[in-house]
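Protein chains: 2
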Amino acid sequence: MKKLSENEISEKLKDLEGWSYSGNGIQTSFEFENFKEAFTLMTRIAFEAESQQHHPNWSNVYNQLEITLSTHDAGGVTEKDFELARAIEDIVNSD
Amino acid sequence: MKKLSENEISEKLKDLEGWSYSGNGIQTSFEFENFKEAFTLMTRIAFEAESQQHHPNWSNVYNQLEITLSTHDAGGVTEKDFELARAIEDIVNSD
Chain A
1 MKKLSENEIS
11 EKLKDLEGWS
21 YSGNGIQTSF
31 EFENFKEAFT
41 LMTRIAFEAE
51 SQQHHPNWSN
61 VYNQLEITLS
71 THDAGGVTEK
81 DFELARAIED
91 IVNSD
Chain B
1 MKKLSENEIS
11 EKLKDLEGWS
21 YSGNGIQTSF
31 EFENFKEAFT
41 LMTRIAFEAE
51 SQQHHPNWSN
61 VYNQLEITLS
71 THDAGGVTEK
81 DFELARAIED
91 IVNSD
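Chains as they are written, first to last, in the numbering used here: chain A, 1 to 95; chain B, 1 to 95.
Bear in mind the hints are in silico, worked out from the structure with no lab data behind them.
Heads up, some of the hints might be wrong.
You can't tell identical chains apart in this list, so a pair holds if it fits in one copy or across any two.
Calculated pairs, DSSO-like style, for lysine-lysine (alpha carbon to alpha carbon, straight line, at most 27 Å) [what the hints assert, rightly or not]:
1. Lys14 - Lys36
2. Lys3 - Lys36
3. Lys2 - Lys36
Here the structure is a predicted model, which means the values were calculated and not measured.
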């Protein structure tokens, strides 16, 4: 899986809502109603990540969820990260 | 819920295994076999946290889980954090 250039990342970020690029990967954050809602969404994302065999770097405190995606083996951001990001967007939007 | 002093925290940490105190709270980390195992444990911890109405500050990447506990309302570490820490220890040890 090929590491994307910053230009390619910027282009692809236009198709997502609320994601940005940091040196470490593409990242976003969500605020839910409470912990139960946050963890419910995390569970749905966890199943999707496991299915894609590509896993998020994420942190949660109460109703807050922060997610960073990168591809360890490629040392940067790849199409796999965008695939998972789009799935996360679909999961959150369908809630 | 009363904020514990550093001495009190140090005393109580002796009853736990693998936890330490940082300025932000009491913290530990776990390494599991893979993501599925890590998230399985997170789910069990999530139910316990919700039941205690006291929630962790935690982050996960693949098989790694880092947990920090503190009591926001008290501005420090309280007995509630130790209660959740003990429950987390029981959950992980019973796995």
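- Query: Is the C-alpha distance from lysine 2 to lysine 36 at most 27 Å within one copy, between copies, in both cases, or in neither?
  - Reply: Classified as between; 26 Å across copies, 37 Å inside a copy.
- lysine 14 and lysine 36: within-copy, between-copy, both or neither at 27 Å Cα: neither (31 Å within a copy, 31 Å between copies)
- Classify it for me, lysine 3 with lysine 36: is the Cα-Cα distance of at most 27 Å met within a copy, between copies, both or neither? Classified as between; 26 Å across copies, 36 Å inside a copy.
Of the numbered hints listed earlier, the single one contradicted by the structure is hint 1.
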